[in-house]
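Engineer: Given next are the chains, with one letter for each unit.
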Amino acid sequence: MIRAVMVMNTLGKPRLTKFYDFQHVEQQQELIRRVYAVLCSRPENVSNFVEAESIFGPDTRLVYKHYATLYFVFVFDSSENELAMLDLIQVFVETLDKCFKNICELDIVFNYSKLHTILDEIIFGGQVLETSSTEVVKAVEEISKLESAANAIIPKSVSGWLSRST
Amino acid sequence: MALSGMRGLSVFISEIRNCQNKEQERLRVDKELGNVRTRFKNEKGLTHYEKKKYVWKVLYIYMLGYDVDFGHMEAVSLISAPKYPEKQVGYIVTSCLLNENHEFLRLAINTVRNDIIGRNETFQCLALTLVGNIGGREFAESLAPDVQKLLISSSCRPLVRKKAALCLLRLYRKNPDVVNVDGWSDRMAQLLDERDLGVLTSSTSLLVALVSNNHDSYWSCLPKCIKILERLARNQDVPPEYTYYGIPSPWLQVKAMRALQYFPTIEDPNARRSLFEVLQRILMGTDVVKNVNKNNASHAVLFEALALVMHLDAEKEMMSQCVALLGKFISGREPNIRYLGLENMTRMLMVTDVQDIIKRHQDQIITLLKDPDISIRRRALDLLYGMCDVSNAKNIVEELLQYLSTADFAMREELSLKAAILAEKFAPDLSWYVDVILQLIDKAGDFVSDDIWFRVVQFVTNNEDLQPYAAVKAREYLDKPAIHETMVKVSAHLLGEYSHLLARRPGCSPKEIFSIIHEKLPTVSTSTIPILLSTYAKILMHTQPADPELQNQIWAIFTKYESCIDVEIQQRAVEYFALSRKGATLMDILAEMPKFPERQSALIKKAEDTEADTADQSVIKLRAQQQTSNALVVTDPRPANGAPTMNQLSLVKMPSMSNVDHNSADQGVTQENGTLSIVDPQPPTPSNGDFLDLLGPLAIEGPPGASVQSEHNLVSQVESSSNAEERLAIAPVGEQENTVQPIGNIAERFHALCLKDSGVLYEDPYIQIGTKAEWRAHQGRLILFLGNKNTAPLVSVQALILSPSHLKIELSLVPETIPPRAQVQCPLEVVNVHPSRDVAVLDFSYKFGTYVVNVKLRLPAVINKFLQPISVSADEFFPQWRSLSGPPLKLQEVVRGVRPMSLMEMANLFNSFRFMVSPGLDPNPNNLVASTTFYSESTRAMLCLIRIETDPADTTQLRMTVASGDPMLTFELKEFVKEQLVSIPTASGAPAPVPPQAQPSSSPTALSDPGAMLAGLL
Chain A
1 MIRAVMVMNT
11 LGKPRLTKFY
21 DFQHVEQQQE
31 LIRRVYAVLC
41 SRPENVSNFV
51 EAESIFGPDT
61 RLVYKHYATL
71 YFVFVFDSSE
81 NELAMLDLIQ
91 VFVETLDKCF
101 KNICELDIVF
111 NYSKLHTILD
121 EIIFGGQVLE
131 TSSTEVVKAV
141 EEISKLESAA
151 NAIIPKSVSG
161 WLSRST
Chain B
1 MALSGMRGLS
11 VFISEIRNCQ
21 NKEQERLRVD
31 KELGNVRTRF
41 KNEKGLTHYE
51 KKKYVWKVLY
61 IYMLGYDVDF
71 GHMEAVSLIS
81 APKYPEKQVG
91 YIVTSCLLNE
101 NHEFLRLAIN
111 TVRNDIIGRN
121 ETFQCLALTL
131 VGNIGGREFA
141 ESLAPDVQKL
151 LISSSCRPLV
161 RKKAALCLLR
171 LYRKNPDVVN
181 VDGWSDRMAQ
191 LLDERDLGVL
201 TSSTSLLVAL
211 VSNNHDSYWS
221 CLPKCIKILE
231 RLARNQDVPP
241 EYTYYGIPSP
251 WLQVKAMRAL
261 QYFPTIEDPN
271 ARRSLFEVLQ
281 RILMGTDVVK
291 NVNKNNASHA
301 VLFEALALVM
311 HLDAEKEMMS
321 QCVALLGKFI
331 SGREPNIRYL
341 GLENMTRMLM
351 VTDVQDIIKR
361 HQDQIITLLK
371 DPDISIRRRA
381 LDLLYGMCDV
391 SNAKNIVEEL
401 LQYLSTADFA
411 MREELSLKAA
421 ILAEKFAPDL
431 SWYVDVILQL
441 IDKAGDFVSD
451 DIWFRVVQFV
461 TNNEDLQPYA
471 AVKAREYLDK
481 PAIHETMVKV
491 SAHLLGEYSH
501 LLARRPGCSP
511 KEIFSIIHEK
521 LPTVSTSTIP
531 ILLSTYAKIL
541 MHTQPADPEL
551 QNQIWAIFTK
561 YESCIDVEIQ
571 QRAVEYFALS
581 RKGATLMDIL
591 AEMPKFPERQ
601 SALIKKAEDT
611 EADTADQSVI
621 KLRAQQQTSN
631 ALVVTDPRPA
641 NGAPTMNQLS
651 LVKMPSMSNV
661 DHNSADQGVT
671 QENGTLSIVD
681 PQPPTPSNGD
691 FLDLLGPLAI
701 EGPPGASVQS
711 EHNLVSQVES
721 SSNAEERLAI
731 APVGEQENTV
741 QPIGNIAERF
751 HALCLKDSGV
761 LYEDPYIQIG
771 TKAEWRAHQG
781 RLILFLGNKN
791 TAPLVSVQAL
801 ILSPSHLKIE
811 LSLVPETIPP
821 RAQVQCPLEV
831 VNVHPSRDVA
841 VLDFSYKFGT
851 YVVNVKLRLP
861 AVINKFLQPI
871 SVSADEFFPQ
881 WRSLSGPPLK
891 LQEVVRGVRP
901 MSLMEMANLF
911 NSFRFMVSPG
921 LDPNPNNLVA
931 STTFYSESTR
941 AMLCLIRIET
951 DPADTTQLRM
961 TVASGDPMLT
971 FELKEFVKEQ
981 LVSIPTASGA
991 PAPVPPQAQP
1001 SSSPTALSDP
1011 GAMLAGLL
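Those sequence lines, one after another, are chains A and B. The numbering of the first sequence is the UniProt record's numbering, which starts it at 1 and goes up by one. The numbering of the second sequence is the UniProt record's numbering, which starts it at 1 and goes up by one.
Next up, chain A with everything else stripped away, as it sits in the complex:
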């Protein structure tokens, strides 16, 4: 099971966090701080694995990927394959890239709400939901359509019809 997803920048500012085990807000910040402290001290060209048990407790693993100014971090337990998790980070990032066309940190900052939508199409309650970025993009586009349709003050009945026909 995936315990947490964190996206933070290289200065340690959280950009997106989602905990699949409930954590109190102070606890969340503490975890983010400690993960950042470990990540920022790691040089380039090392493995993507970091010892996580001292931060998240027994039976936890952590993989991260560093893209430009952002760290993408997944925390999970031994029921998941480490490299497959690393692949999933890649899928997440590729999907973001497809949705935002050459994604950068600013896209993530200002489309905070969209990120949640996208993440929810990839990870569901701590389990891998979808691994094909094509499928994720399809689902997300469907949702955006619904949103803009609603914003255009289309009657509710039509919105419902739209969702079933797509």
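Think of the hints as simulated: they come from the structure by calculation, not from any bench. C-beta atoms are modelled at their ideal positions from N, C-alpha and C, and glycine is treated no differently. Take the hints with a grain of salt, since some may be wrong.
A short, non-exhaustive set of chain A residues, derived as facing chain B with CB atoms under 8 Å [to be verified]:
1. Tyr20
2. Val25
3. Arg34
4. Val46
5. Asn81
6. Ile103
7. Thr134
With a Cα cut of at most 25 Å, we get these calculated PhoX-like pairs of lysine-lysine [unchecked claim]:
8. Lys65/A / Lys359/B
9. Lys98/A / Lys294/B
10. Lys31/B / Lys13/A
11. Lys138/A / Lys83/B
12. Lys101/A / Lys294/B
13. Lys294/B / Lys65/A
14. Lys370/B / Lys65/A
15. Lys98/A / Lys290/B
16. Lys772/B / Lys138/A
17. Lys370/B / Lys316/B
Got chain A; can you put chain B on it based on the hints?
Structural biologist: For chain B alone, kept in the frame of chain A given last:
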């Protein structure tokens, strides 16, 4: 993609971004929270759009780390909004902000259910996502059947079904008792035939959850998993969108292999063959390529395949192939692959056959201790730790020591702990062990926990051969210019105890030792000074005849610290000063530390405690147990007969001295009695339990009688604990006795021991008393084994022998205290003076905590122990038999109420009592003749003859004739045999005895037998 069109949110985010520092950010956030709070309060004018905007702001602020105590209700209420965007926000924010037990969730449960059973698929997806993230018990109770329906519905789109699968997984994981999955095996098997890879991936995850709980119901899914693997890995039958860098859905391959690992084995040869074919393909067909993502994906599959191969316990050939692959990985260029190569090698250690192949890579692994990546260095350390055994310990530990000087600070503590444990477990000799630990302290003193130096002191104390060596080493380290404080502690302790063994060496006179240790005193902290004071006191004690100059120096130090603000230091100074003026008594009081009771290493225990109980770790433990070196064997003196080992792992902390008690119970008593002070140097906390062991006795050691009037503190504890003993002793013994129940039947144990020479005489939850006896003629030696089953000592142990007049019994000294988990042997010398059936009684008592136990046990020094079977021929028998013509030398009696038994059984019975049955001597086949020699001081060796005449028609009665040269012997023997015949103990495997008072007429078998009835009437 379009922005979500919430201008207000974007403005807020950019304002936060423009904040120069955290304080500004906090002000901006507070302002916004105030604003949102006011808007939420006057909810009337709030549109759904505005609500949505504010709820997003709340979530954003929450992510920044500010506790938001409002807005939850608004988020939940948005769930029931009619329009999609508001509803979506409601669902997303609710599942981020609330935990599964939040009471507001209850308010939403109906809306969620309506969305799930409604026909709007996008609403279904939102609702499933919420339940899948934070669905608790109530959701499981009301929604599980609906979710199950969605999963198997053929009219639902894959988008909904894959979410339903994972939603169900969540509900099942959280509440397996609520979600009914009976009969799901067929459905699962069907779901695994799914073509859509999204649904298939989710379904496989669900299967993993189900089989991990109960694999037995899902055997039908096993071939399906193999099919999925064949479809992906062999046939590459996947739509392009599910091909990830050329690899057919690595996630699904991984999941399918994970599911297979939950089945204990694969019996079906066909399934096994096809699976191994796929696995072989994966193992062989994976190459390292340039593209990192492709590499990761293909190796994700490869490592999962390795895990599955290990799980399936494949043939050795395939295993060695795997190790070879791993060997290639750990020397590869890709750090991720190196990391996982090491991790999987560690896992591989559990496969017994391949350890030797792994050892071949030892040098490579040692090189990885210097890898630029700390994650990899850690893995290398774990692997070295796991693969260490007697054969390579020296090599590995020395490498670790060498690495210690350059290792990162983050790793030093772990490194030194591991080196210490390996050194202890696998030391080829003890002096090497001492060397390693001292080097550890020297190189990484800050990272050497107290446990490590406590342990080395313990070993030195318990091994006399080691003491001079350790003292020399300690002395050498003191010559170094700047040594770590831990080194000061350990050296001071060792030299205090053992420097007198070095007295003749240059630089080792008491004076020199004292001054080199005293040099360090200004540099150490208050926790070390007490140890130094003890050392001075010991040096003083060993300096005989006293050296006045040294004495004055040390006394001056004691006087100086008499007014120290630290209580511990002050107390020691006062005590030692007073003690050192007692002259010869000092020798007794400050005598060498007694040996420590053997125990499990606190270090190893600590390591075991911290190790997660994963399979690989426990296997390492197991191996370590099997391969522990003999050099440091920790003997646990438990009774040999396999008493249940309770608390085997717990630490034992008690030097075997009855008057020194750190037992927490006694300490409680001390406080309760309100004596002046508690003398424990430090409160016994778990972390310094060993510390107490090491140093406690130094401070308060000494017999209670030592007339140390000035040390009121010193003796107060001793006094108070003896008060406590008295107080407990006054308590009525009988009452307390009832609370400790013996284990097993005492009478049965006694009867069994009458027939054999060793076994358990008595057992209760705290103690086990075993006996072992040797008998020669009229003498015997019986050893009592008193085994303390606890981790606390048994005190006030008393054993008294109440011996009958015919037995002379001498009991050797029984110690007053039986140390924890220790076994004490108490030999008993027995001399048989004259024949008698009377039995000696052992009156045994002890105290454990508040229990006072007193038992009276019959000792198996019974008459038949002094018999020696002797074979007598007919030529000898009949003259003897005739010469012993009648009473009192020859006695005859008709015995009734005999336990029915065949002649054969009776013969066995006599044999077990050490009579020699001579078959055929008596012409009547229904009769039995036996002979034996009886030994006692009065009778010397005396021949005894017995004849039993049975009646085949009535086995409940017989006529017995006993003859010997001594009237008393004849009588006692006759009575003894009679007792045995009417009441046969069950222990020797004979059928249950009929109670002796039972009359033949009352026995059911007798009633059915007319002959018996007649006999009864007669």
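Engineer: Hint by hint, note whether the structure agrees.
Structural biologist: The hints, checked one at a time:
{"no.": "1", "hint": "Tyr20", "result": "holds, 7 Å"}
{"no.": "2", "hint": "Val25", "result": "holds, 5 Å"}
{"no.": "3", "hint": "Arg34", "result": "violated, 13 Å"}
{"no.": "4", "hint": "Val46", "result": "holds, 4 Å"}
{"no.": "5", "hint": "Asn81", "result": "holds, 5 Å"}
{"no.": "6", "hint": "Ile103", "result": "violated, 10 Å"}
{"no.": "7", "hint": "Thr134", "result": "holds, 4 Å"}
{"no.": "8", "hint": "Lys65/A / Lys359/B", "result": "violated, 33 Å"}
{"no.": "9", "hint": "Lys98/A / Lys294/B", "result": "holds, 19 Å"}
{"no.": "10", "hint": "Lys31/B / Lys13/A", "result": "holds, 20 Å"}
{"no.": "11", "hint": "Lys138/A / Lys83/B", "result": "holds, 21 Å"}
{"no.": "12", "hint": "Lys101/A / Lys294/B", "result": "holds, 22 Å"}
{"no.": "13", "hint": "Lys294/B / Lys65/A", "result": "holds, 15 Å"}
{"no.": "14", "hint": "Lys370/B / Lys65/A", "result": "holds, 23 Å"}
{"no.": "15", "hint": "Lys98/A / Lys290/B", "result": "holds, 24 Å"}
{"no.": "16", "hint": "Lys772/B / Lys138/A", "result": "violated, 83 Å"}
{"no.": "17", "hint": "Lys370/B / Lys316/B", "result": "violated, 32 Å"}
The structure fails to meet hints 3, 6, 8, 16, 17 from the earlier list, while all remaining hints are met.
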